[in-house]
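The listed protein sequences derive, respectively, from chains A and B. With this note's numbering, the residue at position 206 of the first sequence is 206, and numbering never jumps. To get this note's numbering, take the position in the second sequence, counting from 1, and add 1000.
What the hints contain is simulated information worked out from the structure, not anything from laboratory work. Given the structure is predicted, the values throughout are model-derived calculations rather than measurements. One or more of the hints may lead you astray.
Below are the DSS-like pairs computed for lysine-lysine, each with C-alpha atoms no more than 30 Å apart in a straight line [unchecked claim]: (1) B:K1060 - B:K1279; (2) A:K8 - A:K160; (3) A:K188 - A:K118; (4) B:K1005 - A:K118; (5) B:K1399 - B:K1060; (6) A:K160 - B:K1093; (7) A:K158 - B:K1005; (8) A:K62 - A:K8; (9) B:K1093 - B:K1302.
Label pairs and their computed distance ranges (CB to CB) [said to hold, decoys possible]: (10) B:Y1417 - A:E75: 18 to 24 Å; (11) A:P97 - B:L1308: 41 to 47 Å; (12) B:F1397 - A:P97: 39 to 45 Å; (13) A:A76 - B:Q1044: 20 to 26 Å; (14) B:D1427 - A:P97: 19 to 25 Å; (15) B:V1312 - A:P97: 45 to 51 Å; (16) A:D172 - B:Q1012: 39 to 45 Å; (17) A:H119 - B:L1308: 53 to 59 Å.
A virtual CB, placed ideally from N, CA and C, is assigned to each residue, including glycine.
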Amino acid sequence: MLHLRELKKTFRQPDGTELHVLDIADYHVGAGEQVVMVGESGCGKTTLLHVIAGISRPDSGKVRVDDWEITLMPEAECDCFRAERIGYVFQTFNLLPGFTALENVLLSMRFSRRRLDKHRARQLLTRVGLSHRMTHRPTMLSVGEQQRVAVARALANKPKLLLADEPTANVDAGNQQHILDLIRETCKEENVALIMVTHSQEVAKQFSRIDRLQEFNRAAVHQ
Amino acid sequence: MSLWKIAWRSIQQRAFVSGLTALSMGLGVALVVSVLVVYGVVAQSFHRGGEGYDLIIGAKGGKEQLVLNTVFYLSEPVGNIPYSLYEDLTDGKLAPYVDLAIPVCMGHSYQGFRVVGTVPEMFTELKYRGDQSYEFGQTADGRPGGGKGENFKSENPFDAVMGSTAAVRTHLQVGEEFQAVHGSGEGGHVHQQRFHVVGVLAPTGTPVDRAIFVNMKGFFEIHGMEGTAAHKEHAGAHEGHGVHDEHDEEAKQITAILVCCKQPNPSRFADVVAGVINKGPTAQAVQPIRVIADLFEGIVGKLEWVLLGMAVLTVIVAGISIMVSIYNSMSDRRHEIAVMRALGARRVTVMVIILLESILLSLLGGGLGLLLGHGMIGACSSVIVNWTGVDIGLLQFQKIELFLVPGLLLLASAVGYLPALAAYRTDVAQSLTNTP
Chain A
1 MLHLRELKKT FRQPDGTELH VLDIADYHVG AGEQVVMVGE SGCGKTTLLH
51 VIAGISRPDS GKVRVDDWEI TLMPEAECDC FRAERIGYVF QTFNLLPGFT
101 ALENVLLSMR FSRRRLDKHR ARQLLTRVGL SHRMTHRPTM LSVGEQQRVA
151 VARALANKPK LLLADEPTAN VDAGNQQHIL DLIRETCKEE NVALIMVTHS
201 QEVAKQFSRI DRLQEFNRAA VHQ
Chain B
1001 MSLWKIAWRS IQQRAFVSGL TALSMGLGVA LVVSVLVVYG VVAQSFHRGG
1051 EGYDLIIGAK GGKEQLVLNT VFYLSEPVGN IPYSLYEDLT DGKLAPYVDL
1101 AIPVCMGHSY QGFRVVGTVP EMFTELKYRG DQSYEFGQTA DGRPGGGKGE
1151 NFKSENPFDA VMGSTAAVRT HLQVGEEFQA VHGSGEGGHV HQQRFHVVGV
1201 LAPTGTPVDR AIFVNMKGFF EIHGMEGTAA HKEHAGAHEG HGVHDEHDEE
1251 AKQITAILVC CKQPNPSRFA DVVAGVINKG PTAQAVQPIR VIADLFEGIV
1301 GKLEWVLLGM AVLTVIVAGI SIMVSIYNSM SDRRHEIAVM RALGARRVTV
1351 MVIILLESIL LSLLGGGLGL LLGHGMIGAC SSVIVNWTGV DIGLLQFQKI
1401 ELFLVPGLLL LASAVGYLPA LAAYRTDVAQ SLTNTP
């Protein structure tokens, strides 16, 4: 489903020196598989998710999602591909404050080439327990509710791959497990592959596959 | 969910700043609308002032002065012409070309408003604004008119009718009397004879609204009645007001004659009459529409561009305020834009959203400006009518206003381009990493 080969990403620092962030020889995640990725802070977890999503371009190497080589796609095509096939849950939720919960979910559909499916948007919000909060704006929602809207938004376009970047880090302890279960269950129901980045051992130990970035990212090893 | 809605939500989210920005654009547009409408209506009134007759015949001299004095009741009369010239036009050698000739005498005033001596046909035969008939209390076919009372009659020499603005400003109503003053200003000799107001004209939006019309016979008679040496001396000092020296019919003089030439080719006949008159030693004939057009172009025409230039500059400044407002918000919104991009929005899409926001703000401001502009004009219309006789209504639109919407769209696209470009160039990964 996801296949990375000889992937390299370097940042130029203000002093002119190069910072090697990613150097991955080979990495694979199967369809519907749920993977947790752990690693020290600054070891390149978020950068890796950005590269997989096509938000950042690698310096070299290949990122293949299904049969699509996204590193070869023009930017506009890559944007459409991301909208339609990759869901993204951010640590800080990143809901757009001017829009209601329902509109935040619909917004995600708007940027794909598919038609707006209000029924699915409502269904997803109901699935995450927010049927009574659809017309509420993010500021009127609790932190846990905001993250649940973010989960619904990420699944709006029936993606094949869901990338979750520390989705429970900003959520109170009571809601952490609920959010985690929600993500895992909905991914399972919709046969969506999941890569979740976390540094929480509590979260990591619930997954059968735990990938330590330092182990397969040669750049992190050298840092 | 359309991109328009996304742009609108962004405006809503910053309602206060967006409101102020739209208001500044609205004020600019209101200024443009006011200038366009007022200028358009003034130009129309100016040009229509000379409509209704083909020629003005007056004393030789400046043709502009003749037109200003006869049509707009401004400036001083050029001089007098013999009454016999009027008779030539009605019964003499020029009569075959002339459909209607209206004599006018000037040189008197009341509370600053010109007192014009003329004949009743001025209001029964002449038209204004092309085909409009003058109205008193009743129209010619017996319907209620927009004015009061009736036209003066030829047999009543001291009857007078008031232009609508003159009636309001002097507070003279039907049944009241007034004494004309020699000259056009205050402090002149006050004639003993009183004129009796028998009618008030309905507003016409022409200079007629700002004048008082009396029977020409009475106009001549007040000089005959007061034919003292002192008065003669006074009259002599005021060249160019219609006089009737000591009841001498042959020496009777008038200020000007308004001439309508016969159909089917009045302009050709006007050329014939003008040719004959202009060859003579005493009078000149001018075509008022041409003179007015030249006058307007020469004096007011250039002012139009100055006023319009200033108004457009104001709108451009308001447009720049939209650019500054959106551009300043970009640093706050960079994260938001990055989120949209992460959700799959293309660079062009976020650029279009920002441009639409600029267009919406401009259109909002433009709509507000149209309402404000026409609202201000509507609110001031009664005052403007009273002071100038120019009737400007709330819904008096000018064709050039049609260009406002495409103009605003162009302006919005231009001022929105810079912030839109900033949105286009947003570094998604970096902006996502920088938590708001």
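Verification of the supplied hints:
Pair hint B:K1060 plus B:K1279 holds up; C-alpha atoms about 11 Å apart against a cutoff of 30 Å. Restraint check: the Cα-Cα separation between A:K8 and A:K160 comes to about 24 Å, which is no more than 30 Å; the hinted pair holds. A C-alpha spacing of about 22 Å is found between A:K188 and A:K118, which places the hinted pair at or below 30 Å, so the restraint holds. As the CA atoms of B:K1005 and A:K118 are separated by approximately 16 Å, the hinted pair is consistent with the 30 Å bound.
For the suggested pair B:K1399 and B:K1060, the alpha carbons sit about 40 Å apart, so the restraint of at most 30 Å is broken. As the CA atoms of A:K160 and B:K1093 are separated by approximately 102 Å, the hinted pair breaks the 30 Å bound. As the CA atoms of A:K158 and B:K1005 are separated by approximately 24 Å, the hinted pair is consistent with the 30 Å bound. In summary, the hint linking A:K62 to A:K8 is supported, as the alpha carbons are separated by about 9 Å, within the 30 Å threshold.
For a cut-off of 30 Å, the pair hint linking B:K1093 to B:K1302 is broken: about 43 Å separates their Cα positions. The supplied range of 18 to 24 Å is met by B:Y1417 and A:E75, whose beta-carbon atoms lie about 21 Å from each other. For the pair A:P97 and B:L1308, the supplied restraint of 41 to 47 Å holds, since their beta-carbon distance comes to about 42 Å. Between B:F1397 and A:P97 the C-beta distance comes to about 41 Å, which sits within the given range of 39 to 45 Å.
Between A:A76 and B:Q1044 the CB atoms are about 54 Å apart, so this pair departs from the stated range of 20 to 26 Å. Under the hint 19 to 25 Å, the C-beta atoms of B:D1427 and A:P97, about 21 Å apart, fit the expected range. The hinted range of 45 to 51 Å is not satisfied by B:V1312 and A:P97, whose Cβ atoms lie roughly 37 Å apart. Between A:D172 and B:Q1012 the beta carbon distance is about 30 Å. The supplied range of 39 to 45 Å is therefore violated.
Range check, A:H119 to B:L1308: Cβ separation about 54 Å, and the 53 to 59 Å hint holds.
The structure fails hints 5, 6, 9, 13, 15 and 16 (numbered hints given earlier, in ascending order).
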